[in-house]
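A.B. asks: Let the sequences and hints guide you as you build the complete structure.
2 protein chains.
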Amino acid sequence: MRTVRLLRVTKVDNALEIIWRSFRPLAAEEVGLDIAGGRYLAEEIVAPEDVPAFDRSTVDGYAVRAAETFGAQESLPALLEKVGKVRMGEEAIPIKTGQCCYVPTGGMLPDGADAVVMIEQTTEVDGLAHIYKQVAPGENIIKRGEDIRRQQTVLRKGQKLRGPEIGLLGALGITGVKVVRRPVVGLLSTGDEVAPVDTPVLAPGWIRDANGVALAYLVTQTGARVVRGGIIPDRYKDLYVGVQSLLEKVDMVVLSGGSSVGERDFIPRVLKELSGGDLLIEGIAIQPGKPTILAKCGEKPILGLPGHPVSALTIFALFGCALIKRLSGAGDREWQPTVRAQLTKNIPSRPGRVDLVRTALQGREGKVLATPVFGRSGLLHTLAEADGVICIEAERDGLSAGEEVEVYLWV
Amino acid sequence: MRTVRLLRVTKVDNALEIIWRSFRPLAAEEVGLDIAGGRYLAEEIVAPEDVPAFDRSTVDGYAVRAAETFGAQESLPALLEKVGKVRMGEEAIPIKTGQCCYVPTGGMLPDGADAVVMIEQTTEVDGLAHIYKQVAPGENIIKRGEDIRRQQTVLRKGQKLRGPEIGLLGALGITGVKVVRRPVVGLLSTGDEVAPVDTPVLAPGWIRDANGVALAYLVTQTGARVVRGGIIPDRYKDLYVGVQSLLEKVDMVVLSGGSSVGERDFIPRVLKELSGGDLLIEGIAIQPGKPTILAKCGEKPILGLPGHPVSALTIFALFGCALIKRLSGAGDREWQPTVRAQLTKNIPSRPGRVDLVRTALQGREGKVLATPVFGRSGLLHTLAEADGVICIEAERDGLSAGEEVEVYLWV
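Protein chains in written order, with numbering that gives the first Met the number 0: chain Z, 0 to 410; chain C, 0 to 410.
Because identical chains cannot be distinguished in the list, a pair is counted as satisfied if it fits within a single copy or across any two copies.
Only pairs whose alpha carbons sit at most 30 Å apart, straight line, appear in this in silico BS3-like list of lysine-lysine:
(1) Lys295 / Lys159
(2) Lys344 / Lys366
(3) Lys295 / Lys271
(4) Lys84 / Lys236
(5) Lys289 / Lys84
(6) Lys289 / Lys271
(7) Lys366 / Lys10
(8) Lys81 / Lys236
(9) Lys159 / Lys366
(10) Lys248 / Lys156
(11) Lys248 / Lys289
(12) Lys84 / Lys271
(13) Lys344 / Lys289
(14) Lys289 / Lys142
(15) Lys95 / Lys84
(16) Lys156 / Lys344
(17) Lys159 / Lys10
(18) Lys344 / Lys159
To be clear, the hints were calculated from the coordinates, so they are not data collected in a lab. Everything numeric in this text was worked out from a predicted model, so none of it was measured.
C.D. replies: As structure tokens, then:
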């Protein structure tokens, strides 16, 4: 038989480890709080002040000295002189022994008070508050600095700025933060038969660049920006020049197509030369998507995806996203949420490689059912029929109907 | 005791049902494929052509008549005259009896051929291909229209355009689609004590508008656009005019603050008057976040969030996102992925209401551990310490340490 160079195949976990080890987060930049959401901090945040900056009531009620309510009950209320109302955003007048002061939720606690009685547990008659329930010192108030204390480290380097973190920064008056720069990802489609998606009528033997548009969306979903490098014919020189010039403008290049062991396969050669030597990955023990390659050129990753659309999108969702997250400054372990479901059919799987199985979900009688969508990796419609994928670990030789599985959703 | 108007409290499931029933997806608009990702289709997509438009090889190899390989084996190869090479993007020359033709992965199958033998199972000597393995008709090819057949309905109205769907549209040459318009969400913060986040030094009794910046991020994460309406003092007329004028510019208004039953609480009154009558929701059986209100003004929702930051963000993530998804055209049941984890502590819960419990995740020895983050809903740092929330159903009176729980992640 013909001698064909065999791919050096990397295990999935090793591939993710190689990604983590070989690349570093991009440089930091200062951005406004309004666009910092979803980004990763490149600095530690130390609180410049206390939050809240004053003792606050957490209810509508009467600010009191707690000791003066001790023993109060429905049949024997404590009686306190009401000396005024705290207005929101205004300093409260102090209270003395035997006095109380109305304070709304969020209002400032008057000097002299150490607790608040909820309005529902009081009545007011002729300037006298009847308190029907005792309160403990500190009850119904948030103390100055109880949420965030001045000089406290509130956010760590590398932390993702989600809603709560954006809120914290806003509460502290921090309107600009240093975050890792958003990666710019260059996309190149390769193949002599690939036409732009806006080609109205295809010549015989041609297909449209479906991978290009789908990958562009997936890249933006991961928080990166896209530069479309267009379509490059399968010629060594065109590829070399195309990848090289795109690489100058971006932080990472993703090639779609042309990574199988074929006669006209120049991509591994181009990537080897551009990276000045070895490829980091020249194949992954995964199905679909084995002919995936990864090179490092300077500090920049070049990811060569398999050409079949199912393989290209699935592999990108796994390894492309991992690369973008690494460059974006994400931690080494982000939680991956899944939908739990019960498998409706057996799925065979060959041990020794990870199988990514397209899966449709269906709710029935309070249960979630997962049905594999079988079909070759050239068939894009099988992905569109799937809600997500099941990942069968390399050690398993398949899954059985009735088993509980975890489904990673498509976005 | 003082008579306080009691809130009419809606159950969580009913609240989601009310959202679904009371509002409709926004109007459709035509957008380019490059910005259609994540949007919901407002039309059915019928394939204008076959994909692929020709029989294609899925491997590098020789296009043959399958029958002429029957019986071929290592010791007795079938011998076929190689009459040429198919080039990518070019029409193949037909083959006749006794002939074969080299075809690369993705190349067009020549007329006369009905299968492809993988290159690994052949050798070539002096223009003669030695075929060592028989193939069945159809083997290693994708037939014309096998992925998508012309006139077939490929995508349904209401379907989300994820990566695979964008790819399908691209493959079909459909570069513009009708999708539901992205909602524009107006944000208003209320309260006399609330200062913009860029206020360098707070006056006594003031706090910064942390909710405003955090909610703005959460809105954009849900795919909507934000219009910041600023901060409005707690006065009936200011509120009325503020909400009314913002409502003219947006599809939905979200108010943060001022929905508890307090003396200065004008929001329910304003929303009642603007909606011309009843509120859809004037309280939800959930903790934190009970004083949540929802009104409908014309076709537009107005959501009044509780003022405490933990309540505001948690309630927005649940009901605010549900409203945005409804307006965006999402289906009634999108799968909600979670992280499964083992609870490390008991969590008490009062039956009759849903409890949303802030929870931190931790990996240990291959297991994921979930630890509740307790703390009052005025304390934003408790949210920042949490990876997500556990939802304790209304029927449960708590969860026990060791139980398996599902954690909804913060984004």
